[in-house]
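The primary structure of each chain is shown beneath.
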Amino acid sequence: MRALSIARCPGRALIGASVLALALSACTEDSSDGGAIDVELTLGEVGRAPGQLVFPRAMTTHDGQLIVVDKTARIQRLDASTGAFIDGLRTPELTLGKPTGLCVAAHPTDPTRTALYVADTHYHRVLVYDLDADLGDDPSQPRAPMFTFGQYGEHAAEPGEFVYPTDIAVLHDGDGRVERIYVSEYGGNDRITIFDVSVDARGAPVFEPVRTFGSFGIAGEEGADEILFNRPQSLVIDHQRKELLVCDACNHRVGRFTLDGELIAWVGSPSDLSGEPGALRFPYSLVLLEDGTVLISEFGNSRVQHMDLRTGESLGIYGEPGRGPGQLAAPWGVEVIGATAYVLDSGNDRIIAFRSPVPAAGGDR
Amino acid sequence: MSTPLTLGALEAGPIQFDEPVWLLLIPVLWLMVLVIGRKSIAGLGRTTRWVAIGVRLLVIAMIVGAIAEPHSRKVSESVSVTFVVDESRSIPSSRKAGIDRYIEEAVQTQQKPGDLLGVVTAAEDAYVQALPSPLVKQMTRQYIGSTDATNLGEAARLGLAVAPEDAANRMVIISDGNETAGSLLAAAQAAKALGVTIDVLPVNYDYTEEVIVEDLLAPATARGGETISLRVVIYAMSPAVGRLLVTENGHPVDLDPDSDSLAYIVELDRGRNVIGVPVAPKRPGPQTYEAIFEPIGGLVQGEDGPRIVGRADTLIENNRAMAVTFVGAEGFVLVVSENADESQPLIDAMLESELRPELISADRFPSTLTELNRYEAVVLVNEPAYNFSAAAQDNLRQYVHDSGGGLVMTGGPDSFGAGGWIGSALEDVLPIRLDPPQKRQMPRGALALVMHSIEMPQGTFYGKQVARAAVDALSRLDLVGIIEFNFAGGTDWVYPISPVGDTSSAKRAINRLNFGDMPSFDPSLRMTLRDLNAIDAGQKHVIVISDGDPSLSNSILADYKAAGISISTVGVFPHSTRDFNSLRTMAKQTGGTFYPINTQQALATLPQIFIKEAQTVKRALIWEGDPFSPSIANIGAETMRGITAVPPISGYIVTADREGLSQVTMRGKENDPISAQWQYGLGRVVAFTSDATSRWGSAWVSWGSFKQFWEQHVRWAMRPSGSATLRLTTETRGDDTLVVVEAFSSSGDRLNFADFKARVAKPDGTGADVEIRQVGPGRYEGSLDSSDPGSYVVSLRYRAPGEEAGQVIEGSAQAAITRPFADEFRSLESNLALLQQVAQITGGRVLEGADPVSHDLWRREGLTMPVATTPIWLVVALFAIGLFLADVGVRRVRIEPRAIGAALGRALGASTSSAGDQIDSLKAAREKARQRISERADDREQATAKAKRRFEVDPSAHVDAGPVALGGEPLLKDKPKTQAPKPNKDDADDEGLSRLMKAKRRAQEGFDD
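Chains as they are written, first to last, in my numbering: chain Y, 1 to 365; chain H, 1 to 1009.
The hints are simulated quantities; they were obtained by calculation from the structure and are not laboratory data. Treat the hints loosely; a few may be bogus.
Using C-beta positions, here's what the derived DEER-type ranges look like [to be verified]:
1) Y/Thr-82 - H/Ala-97: 41 to 51 Å
2) H/Thr-314 - Y/Asp-138: 31 to 41 Å
3) Y/Arg-113 - H/Ala-558: 49 to 59 Å
4) Y/Glu-154 - H/Arg-283: 47 to 57 Å
5) H/Ala-768 - Y/Thr-82: 32 to 42 Å
One side only, chain H facing chain Y, incomplete, derived with CB under 10 Å [claimed, not checked]:
6) Leu-135
7) Phe-485
8) Ser-520
9) Gln-600
Short derived list, chain Y residues pointing at chain H, Cβ under 8 Å [said to hold, decoys possible]:
10) Gly-47
11) Gly-51
12) Ile-86
13) Asn-230
14) Trp-266
15) Arg-281
16) Gly-326
17) Ala-329
Cβ atoms here follow ideal geometry from the backbone N, Cα and C, with glycine treated the same way.
Whole structure, please, built from the sequences with the hints as guidance.
Here's what the structure looks like:
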């Protein structure tokens, strides 16, 4: 009887037909269970012209815009909805290697201004650029930073010396003033250094290393109370929960730490490289979401995983390895602006945008 | 087999049918519908009937349309312009800024935001500098490669390959049109076939001040102590003055002994100038002469004599020429050995035999074929392959095959298969097979290659090259595995550890390598260790190639050490030399070797390193044991004359017999060849797999026939000098060179009926036969292609009947031809004709001037805009189904807008009332319905009466049944008769009802009858 009434009613028939059409033609796979990402936007393409990318390796956001550094050492600010080039520059030196970490935070001494912190990995230092100023209209032109800090130090070096710094995280106080700066590094000296920032007599910032924590080692080989890192690739501060989140890339895990460097928990399973949900393989970057969960870009699994770091539960998988639409090749980074997630699809020289399962955490600069 | 009948695609506005033949069904089916429909829906009202028929026709048209494979067409609006920019050295460097500016200005004439710009550079190789993109706005140069040649054809093809499919494509070639390789015309034909037009922007130049050293003429052969006359041919576009310098084997010849300067000052007239230079070669063998002209300035005749003005010359690359003269060199033998003690007994034996041995180590091995040709034989004493560059190995092969030189290879632990010669250029030259069959092979080796990214230009190329070199150096039963970090699956075997076999599957895997950037060595080293532990092999070894920055845990190295597996590491261009620390540790702790590669020069040794390291697993080919005397297998051989027994040996390298004309003269255990010889091309080769030292042959050195044995072997292999006198001259005519031989017997008579076998060794490492024919008494000629720059060595062997019956005259001779500079520097003006032809073929334009605005490169005229098609059959079919259902609906369901409106109104009203109101209204509705039913019963009675009276239904009657809308109360089949007059006859719903009425009436009539 029901079927009859549908057959008699062209309106319903049309609706039924369109449902059928959707079922036949559209991909019904839920992209959060892996598989190609349901792409909203693809930004960037391979090349050296402004707006083009050559193996981009780090990404951050500011004011609804993306800031990306690639293997030509160009740092470019891109429009997040079109990918159009806004401004950019090149780091002063590049022959030894290119930066692998970016962070936007308050100016070290002036909370009303914004700065871009660049981990100049192979030059063993952090560059600080003024982000309120125009970065320049030719991203291939080298520009000097406002400040730099850090210098080369061999294994077991003094705090404040780096082998290969990978990322920076900045802790703000209630007024948005820089309270502390965290810098991660690898190269045998795998650890995190905490800097205090003060101002000298001439008004210039002084980056004072106050302590370091962690040392190089393989997950599972640590003694009691020992923190071992194997290439801590990126850092994020959860201001709300007062935690420091560390992607311990080559140990295939993410660490939750107090802001003083006390270990709260490790998430991930260093010995399980199966690619099952919940397992991580070379997690290179993560971004905090509104509800305290995170999106993690997995360099080794070529995907983005939505995880709850409090329970270790996997909430969704986005992407699969490949060169096609919605597929990823060794993604180095992930960021969220509003309700849109952006994954830095490094091996495909592009940025893929998709609907984030949870909007970005608010209050971040 | 007959081909099915097909029609081309049919375009109808934005829709295209790929199989339009199906559309023919439409009129046929329409006709059927009309015929059948007349009957089946005759009962409907006129309008309803036409609507129904119309809908049916539409449904049929859509279903057939869906079968005809409809696609929606989207015509592209973008134009892509790919610039092919000639970057070769024939383009004056002063023009390059102008070309860059032209492209930058041309971008301003882009018409739409989606217009694209791409850049390809043309030189010796073509490279894409920027893929066509709307973001590219200027000329970019990243890696151009060698600029000594112009291959416009390859560049144009590359431009076609990167042309986007979703835009109309135009190519703009900016060039002088002087191509030295490839064919631009062929590429233009390909462009035409693809519908890409090529505009050309000629770079015009005309060198008026130019001096070219066209040729250096030297006799091909000379006797020792003779003074020869060189002639330098210099062409000048205008009178000029400059210095002339001549070098002999790289050392300057003092042309002007009276002054401090080594050079002549020469004044050149306009046109061709010939300057004679006498020289006396000091040493035997080939002498390489080079003439270099250094311009001082132009020469102008003034009132008070000539004055020097201007610069006279524009290109300096074409200011040199080379020639080679062979000076008789008899008995010279090159002995290559790393250890003088090892080769001393051999050297002594040769000196006693009046040969002239010259001992060198492999690092001083002659780098050119010409130098190598100074010697009549080369003896390699226990030399491994990795001591010789690929070029040196190729030269040695050519030296034997094409120049007729002799090669003697003696054994030792670093020689033959154990010295990495398997898979080398020399493998085919030897009279034995280096890779013995399975039965003779001792425990096999296993080699794993761990490949990390190589971050430098052409890093992938080098990475693949070294992997291939390593695989080639293994024998077929050895095991090889290749592991890398892959973005798609993490660390994994590209080629799981398995036998090398014929190397083809391993090489296919190497071609697939993508050199991912592995963050950590651990996963790959763990996987390698696990799999190497699982296999059975004598020697297990790992080679790691990396820039050194992945992380490494020391615990894994202890596991390797415990398993007895060594790791050698190759560090390539690190971010910092400190990165080498982990590679150094890896090698040190496991007993491997660490190789730092920091310079381009060191980079060239990479394949050698891999071959050497691959040898680590090849020790299995060495046989060592109790001394025994090899058996003599071929007593009649020239080399074994007078030798009936040889002393014992205690070791040799295991090899196998080679099919063909190889002659094994001595055999060892299980019939392994110990000594073998054959003719290879023009030359002869001897292989002796044991050694000539106290290591394996202590009894040999003191053996009385030691000198005789080696003299006979070396002399057999040496190039014969012959008793006739040959005078060789060469003459270059365009791309060809004519070889003229004048032959005299020892008594000075012209030598006739000689049979010449000649080969030319070319600069690219290949060889070719040269046909030499007799053209007159004692005169022979042949011609060869000498179009590439570089040195050509022509080698001749001859046999001729002697003066006495049965006597045979044999001998050999050589000559060299050189083309010192690339053709790139021969052209003095641009080749406009070629460019014009290309534009004409593809329907493009020859652009004049340098005004990109007037050239309007992104203009749409002359381009076919590409069309993107998307299949839409599913959509069409679904609409057809929907329409079909609508067709049924049209005839079965009454739609009354008024009623729908009322129903909506009620629905809205109800939603605002309270629950109590709803119950009240339900009650009211029930009451109303009851009333209506009783009214209907009355109506029915009245209508029946009326029908009986008039025997027909009033067409204007309508049912006052209250609002019945979609989804409302279904109409009953036995609807009451109509009551009130109907204002509109065409009302479709009433038509339906009247049909029911008619049917009922017919039934009643039948009943009444």
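Hint check:
{"no.": "1", "hint": "Y/Thr-82 - H/Ala-97: 41 to 51 Å", "result": "violated (33 Å)"}
{"no.": "2", "hint": "H/Thr-314 - Y/Asp-138: 31 to 41 Å", "result": "holds (34 Å)"}
{"no.": "3", "hint": "Y/Arg-113 - H/Ala-558: 49 to 59 Å", "result": "holds (52 Å)"}
{"no.": "4", "hint": "Y/Glu-154 - H/Arg-283: 47 to 57 Å", "result": "holds (56 Å)"}
{"no.": "5", "hint": "H/Ala-768 - Y/Thr-82: 32 to 42 Å", "result": "violated (59 Å)"}
{"no.": "6", "hint": "Leu-135", "result": "holds (4 Å)"}
{"no.": "7", "hint": "Phe-485", "result": "holds (8 Å)"}
{"no.": "8", "hint": "Ser-520", "result": "holds (4 Å)"}
{"no.": "9", "hint": "Gln-600", "result": "violated (14 Å)"}
{"no.": "10", "hint": "Gly-47", "result": "holds (5 Å)"}
{"no.": "11", "hint": "Gly-51", "result": "holds (4 Å)"}
{"no.": "12", "hint": "Ile-86", "result": "violated (13 Å)"}
{"no.": "13", "hint": "Asn-230", "result": "holds (5 Å)"}
{"no.": "14", "hint": "Trp-266", "result": "violated (17 Å)"}
{"no.": "15", "hint": "Arg-281", "result": "holds (6 Å)"}
{"no.": "16", "hint": "Gly-326", "result": "violated (14 Å)"}
{"no.": "17", "hint": "Ala-329", "result": "holds (4 Å)"}
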